[in-house]
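J.: One line per chain: the protein sequences are V and F, in this order.
Just so you know, we're using the numbering used here here: the first sequence kicks off at 13 and counts up by one.
Just so you know, we're using the numbering used here here: the second sequence kicks off at 13 and counts up by one.
Simulated from the structure, these hints should not be mistaken for lab results.
Given the structure is predicted, the values throughout are model-derived calculations rather than measurements.
Just so it is clear, CB atoms sit at the ideal spot from N, CA and C, and this is done for glycine as well.
A few of these clues could be false.
Among chain V residues calculated to face chain F with C-beta under 7 angstroms, some are [to be verified]:
1) Phe39
2) Thr41
3) Phe72
4) Gly78
5) Lys153
6) Arg199
Protein chains: 2
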Amino acid sequence: MTHPLIKHICRYVTVPDKDIAAILSFFDTVNVAKKQNLLEEGQYSKTTYFVISGCLRLFFINEKGGEQTTQFALEDWWMSDFLAFGSHKPAVFYIQAVEKTQALALSFEAHEALLEQFPYLEKYFRLMYQKGYGASQQRIKYLYGMSREELYHMFATLYPAFVQRIPQYLLASFLGFTPEYLSEIRRKK
Amino acid sequence: MTHPLIKHICRYVTVPDKDIAAILSFFDTVNVAKKQNLLEEGQYSKTTYFVISGCLRLFFINEKGGEQTTQFALEDWWMSDFLAFGSHKPAVFYIQAVEKTQALALSFEAHEALLEQFPYLEKYFRLMYQKGYGASQQRIKYLYGMSREELYHMFATLYPAFVQRIPQYLLASFLGFTPEYLSEIRRKK
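Next up, chain V with everything else stripped away, as it sits in the complex:
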């Protein structure tokens, strides 16, 4: 069976069989329990994660001391605090497992070395960041322009499996309202 990461890369670029083992050797497998942190605000740990199974979330602690989730990553998604990853700045986000998760960790140094050795992977990562950037632009649009209820309906339509899988209190936080208000919207529907 092809490794999930290699399968994902092959959607965008051709990977010769002879390179597979060498590519995978740049990654560390990490297994985290539900609610375990992979990254904490203020850390200089520069790592990006590819989810094999489970789910990660990106969040920060807001002024009221609450956890505000801004992003989720399911299977085949990459997650990092990308500004901290690409700079010498400390992280401004936490990364935490929403459920028991297996992920591949790629450090900044390993990322650079991987691309040095296999330059054809630049295209894969270019496309990942291009998509991530484009999705963020739209996300910003929705944050400015939509009511929270519309945001919920959009997510429920675009990502039905996602909305079923994420715990309700996290989905509510992500959408910017209380769990009670989320139940109310769901009942209305």
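Given the structure of chain V, go ahead and fit chain F onto it with the hints provided.
T.: For chain F alone, kept in the frame of chain V given last:
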């Protein structure tokens, strides 16, 4: 004098002199007057812009019929509706010149052909999108977590030249408040 785009690329990757003319041949120079649109919502025109001089903004029309600016691009910045650029979806944003602007236009097809011919440029674009993505993640954090007044002070501290240059009504729209409220904040300071 080195071309501004080549100068910018050379901050990240080495460009042999012999390639410069061929690289630039993939781009079209566009000159736009103040308030002229380069992209309109619903268009399938897939182009990314590199600003040579002037300033562009990304905005959408909100439900009240107002223009909500979500991003600016000054000299040496790239701008596009990146989800539309990388897919077959219509644009959900407008791109407009804030002042008289000269930019280089790179169509999706030219982008692909450029990278096919000069694969070492993949790294440059990968880094551009990685930075853009990282900045968007932080932007989303600020939209969730900061008051509008804090947002203003953060922008004024990080980008003083930018805050001076952008017309006040656009800066107010970008920050999500009225021009009157912006004047009030500035007076307080």
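J.: For each hint, tell me whether it holds in the structure or not.
T.: Hint check:
{"no.": "1", "hint": "Phe39", "verdict": "violated, 18 angstroms"}
{"no.": "2", "hint": "Thr41", "verdict": "violated, 23 angstroms"}
{"no.": "3", "hint": "Phe72", "verdict": "holds, 6 angstroms"}
{"no.": "4", "hint": "Gly78", "verdict": "violated, 10 angstroms"}
{"no.": "5", "hint": "Lys153", "verdict": "holds, 6 angstroms"}
{"no.": "6", "hint": "Arg199", "verdict": "violated, 25 angstroms"}
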